[in-house]
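Visitor: The primary structure of each chain is shown beneath.
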Amino acid sequence: MTSSPLIELAGITHRYGATVALDGCQLDIRPGEIHGLVGENGSGKSTVVKLLSGIMAPTEGTVRVDGKDVDLRSPTAAQAHGVLTVFQETLISDDCSGLDNVFAGTDGLFRRRRRSKAELELATEVVERLGTSPSILTASPYQLSLAERQVLTLTRALVRPWRLLILDEATSALDLATRDRLFALLQAERSNGRSVLFVSHRMDELEILIDRATVQRSGHTVGTVDRAEATPSRLLSMMDGRSESEHAGAATVTARRRDEQGTAARLCGVALSSDARPFDLDVRRGEILGVGGLDGHGAVALVEAFAGVSLPPKGKVEIDRDGLWSRVRGYRNAVASGIAYVPGKRQEEGLFRTLDVRDNLAMATYGEHSRLGVLRPHAIQQAVRAQMQRLGVVPDDPDYPITGLSGGNAQKVLVGRWLAAEPDLLVLNDPLRGVDIGTKREFYALMRELTDAGMTVVMLSTEIEELLTSCDRVAVCHDHGLEAVLEGDEMTYDGVLSAMFGQAPTLATHERTRA
Amino acid sequence: MTTVDRAPIRGGRAVPYFVPAALAVLVMIAITAQKSSQFLDGGWKLVLVYASPLVLLAMAQAPVVLSGGGGLDLSVGPGAGLVSVILAAGLIAHQISVAWIVIPAAVLLGVVIGAVNGSLVALIRIPPIIATLATYLVFAGIATQVLASPTGALPVWMDWFTDVEGVVPNVVWVMLLVGGLWWLLTRTAFWRNLLMVGSNDRAAYTAGVPVTAVRFVAYVLTGAMTGVAGLVLTAVLGGADATVGPTYTMLAIAAVALGGISLAGGRGGLLGAACGAALLFLIQNYLTLTEASSFVLQMAYGLVLVVAIVINGAWDRKRKNP
Numbered sequence: 450m451t452s453s454p455l456i457e458l459a460g461i462t463h464r465y466g467a468t469v470a471l472d473g474c475q476l477d478i479r480p481g482e483i484h485g486l487v488g489e490n491g492s493g494k495s496t497v498v499k500l501l502s503g504i505m506a507p508t509e510g511t512v513r514v515d516g517k518d519v520d521l522r523s524p525t526a527a528q529a530h531g532v533l534t535v536f537q538e539t540l541i542s543d544d545c546s547g548l549d550n551v552f553a554g555t556d557g558l559f560r561r562r563r564r565s566k567a568e569l570e571l572a573t574e575v576v577e578r579l580g581t582s583p584s585i586l587t588a589s590p591y592q593l594s595l596a597e598r599q600v601l602t603l604t605r606a607l608v609r610p611w612r613l614l615i616l617d618e619a620t621s622a623l624d625l626a627t628r629d630r631l632f633a634l635l636q637a638e639r640s641n642g643r644s645v646l647f648v649s650h651r652m653d654e655l656e657i658l659i660d661r662a663t664v665q666r667s668g669h670t671v672g673t674v675d676r677a678e679a680t681p682s683r684l685l686s687m688m689d690g691r692s693e694s695e696h697a698g699a700a701t702v703t704a705r706r707r708d709e710q711g712t713a714a715r716l717c718g719v720a721l722s723s724d725a726r727p728f729d730l731d732v733r734r735g736e737i738l739g740v741g742g743l744d745g746h747g748a749v750a751l752v753e754a755f756a757g758v759s760l761p762p763k764g765k766v767e768i769d770r771d772g773l774w775s776r777v778r779g780y781r782n783a784v785a786s787g788i789a790y791v792p793g794k795r796q797e798e799g800l801f802r803t804l805d806v807r808d809n810l811a812m813a814t815y816g817e818h819s820r821l822g823v824l825r826p827h828a829i830q831q832a833v834r835a836q837m838q839r840l841g842v843v844p845d846d847p848d849y850p851i852t853g854l855s856g857g858n859a860q861k862v863l864v865g866r867w868l869a870a871e872p873d874l875l876v877l878n879d880p881l882r883g884v885d886i887g888t889k890r891e892f893y894a895l896m897r898e899l900t901d902a903g904m905t906v907v908m909l910s911t912e913i914e915e916l917l918t919s920c921d922r923v924a925v926c927h928d929h930g931l932e933a934v935l936e937g938d939e940m941t942y943d944g945v946l947s948a949m950f951g952q953a954p955t956l957a958t959h960e961r962t963r964a
Numbered sequence: 198m199t200t201v202d203r204a205p206i207r208g209g210r211a212v213p214y215f216v217p218a219a220l221a222v223l224v225m226i227a228i229t230a231q232k233s234s235q236f237l238d239g240g241w242k243l244v245l246v247y248a249s250p251l252v253l254l255a256m257a258q259a260p261v262v263l264s265g266g267g268g269l270d271l272s273v274g275p276g277a278g279l280v281s282v283i284l285a286a287g288l289i290a291h292q293i294s295v296a297w298i299v300i301p302a303a304v305l306l307g308v309v310i311g312a313v314n315g316s317l318v319a320l321i322r323i324p325p326i327i328a329t330l331a332t333y334l335v336f337a338g339i340a341t342q343v344l345a346s347p348t349g350a351l352p353v354w355m356d357w358f359t360d361v362e363g364v365v366p367n368v369v370w371v372m373l374l375v376g377g378l379w380w381l382l383t384r385t386a387f388w389r390n391l392l393m394v395g396s397n398d399r400a401a402y403t404a405g406v407p408v409t410a411v412r413f414v415a416y417v418l419t420g421a422m423t424g425v426a427g428l429v430l431t432a433v434l435g436g437a438d439a440t441v442g443p444t445y446t447m448l449a450i451a452a453v454a455l456g457g458i459s460l461a462g463g464r465g466g467l468l469g470a471a472c473g474a475a476l477l478f479l480i481q482n483y484l485t486l487t488e489a490s491s492f493v494l495q496m497a498y499g500l501v502l503v504v505a506i507v508i509n510g511a512w513d514r515k516r517k518n519p
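Chains A and B, in that order, are what the protein sequence lines are. Going left to right, the first sequence walks through residues 450 to 964 as my numbering numbers them. Going left to right, the second sequence walks through residues 198 to 519 as my numbering numbers them.
Honestly, the hints are just simulated from the structure, not real lab data. Check the hints yourself; a few may be wrong.
[Unchecked claim] Just some of the chain A residues that point at chain B, by a computed CB distance under 10 Å:
no., residue
1, Gly-503
2, Thr-680
3, Ser-682
[As the list claims (entries may be wrong)] Chain B side only, calculated, beta carbon under 10 Å to chain A, not exhaustive:
no., residue
4, Arg-322
5, Trp-357
6, Thr-359
7, Ala-400
Note that the coordinates shown come from a computational prediction; the quantities given were computed from them, not determined experimentally. Don't be surprised by glycine CBs; every beta carbon is placed ideally from N, CA and C.
Could you build all of it, start to finish, from the sequences and the hints given here?
Guide: Structure representation (structure tokens):
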């Protein structure tokens, strides 16, 4: 296969403000191939998809179709070159019929393009080939299941004269039977010189489908491998940037002890989405339990379940209250039970941007610093000063506006707010995203200090390295289920990454109620 | 397989969106007829003439609300007022008063107003509520500047709009003409595009629908109908008054909500808006008949609106989770 590429990304760099999302990306897709695109969260995959779909234009670099430079400035322009994209979210307009959804955007602004008989037959044929009843074309989309809605968006792409179909995690909304029919259809279309860019977190899907795969890591293109080389372990090692042999020997840093002190909190028969597999999970008193998983695979739902922020659709969350199990029934109830939650996006969900450091810190403990409902400024000032010294907030000034602090210091304030409430269980949602390494170290030390004093910590992190260095055990979510709970020797970079991709190592400690 | 195109939608939207408002209008007509014997005996014609500017402005409000993305035009009231002032003080006062100039001028002025709003919202992407609040103030200001005190003296042909001698008052023909042109528009692809954009603009954009153009045209259509409303307003007032226009904005938006049009976009049409406006005007008319104070009137508007929006929202939820 030395045919010239159908589409080629050459030296693409894309920046969002100061953030470099893609740095010199290279990708070529040949006619008639199914090309996998893989990488961890934040590796630049979705940026590649957006550039090819015409949703954004690259900051630098060229896109070529059939060897000619093209400007994919809008989805319409991309479609004119035969590039069609189906996204993970089912982009359906509920107020239009299925057929209008399928043919959306093929009309002019006013001019109604006549839908030929052949087109309508093609739409019906595509829907049938995907194993779905053609009645979805006439039904109101409100009545359709998630999979049927995604069949509509797939049909929207497949009835147009496509040359490259981009599937951006698009299979996650499909049931298995439909997915397999889609794969068969794609493989059949390959012989017509049509290509597919397949973006997926699922190793099993990649393995059965792809001809070649390109691996992205932190905005860089690591390389492209042929089918024979594209084994899950090879792809994973390319994603995390270690050699395969290095994988075996990767060791963890933290020394761990304890666990004889019992269970602080537990999930019983919890399912993170209504059709996911339920599982049990115990948190040991005084441990730091890490939570990992790819975006949208349930890790956030898991920590939010512990914090009572959003109750899981199935199962119960319980916390140990002086030897009795007390069920967590909601956020206020969780706070009353000694659970504190530090949300993820600190700018949007955590900090009060118009207030100063003092109020941001004291917010959760106003109740303790008031008499008959009237706040005692002096008591607050003292408590805030003590807390700031303990956390090492810089600058050491309670009157400072919160927006003037660095990310790390703002995060200290946010955590400090809840530490002041002296919780038994501290739940952290990716607390150290975008924080410098020095602050991270201070933070790890603080967490150790707290857990030594008997507090229990559940911490979600999107950085595998952080899970390995700061946690005692790591729970990994995949597909809204608990894929593995790793501890001791199992806690390797490779182990966590594999579990994220649904390839749990066999030695992993599974805590599942049923298969 | 061409039949697929026209096959009935499976189950679902059994009750058209405007039916509750239309039923409420019928109920209000019955109540009014009970109270006033003259109402069915020709009184309704005058009521309809006085209601016509509000009905037209409610219809004008519909396209931008349908276009979604918080689509709203607060400036319809002052916009109609400005058109009215320019017609009276700019054209008619300068002896340019023939119908074939004044009528197209009204529509054209409306189109310009709509294009200004459309540029701010669709091209510059200012949130509609802010953009049209700004133009609300600007249009009201210009109108007062142009015409500090009310003026009269209209050409004779404009009496046609307020004529109630026929089987139906002549304003009905204006409404039917606007409605008819709109109906023709719903036969074009624009209607599909508008619903698509209004109901899910991301889906529309990625499918290749020109979202910006669709929203811009929605504002221009709203402007054109605002122009027609300005013309009718001039005739109904028997002149122009810069202070009258702005009072219509809130009622027009209330009428749209009453008419079953989803304020989130994507569902509804002009008929609902017209029914909503008729309902508001009938309530006002009834309360005037019973000699209720104007405070009661305001409260009644508010109450009806809250009830309508609650029903509207509940209906949306039911539709989405059958």
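Visitor: Quick check: which numbered hints come out false for this structure?
Guide: Structure breaks hints 2, 3, 4, 5 and 6.
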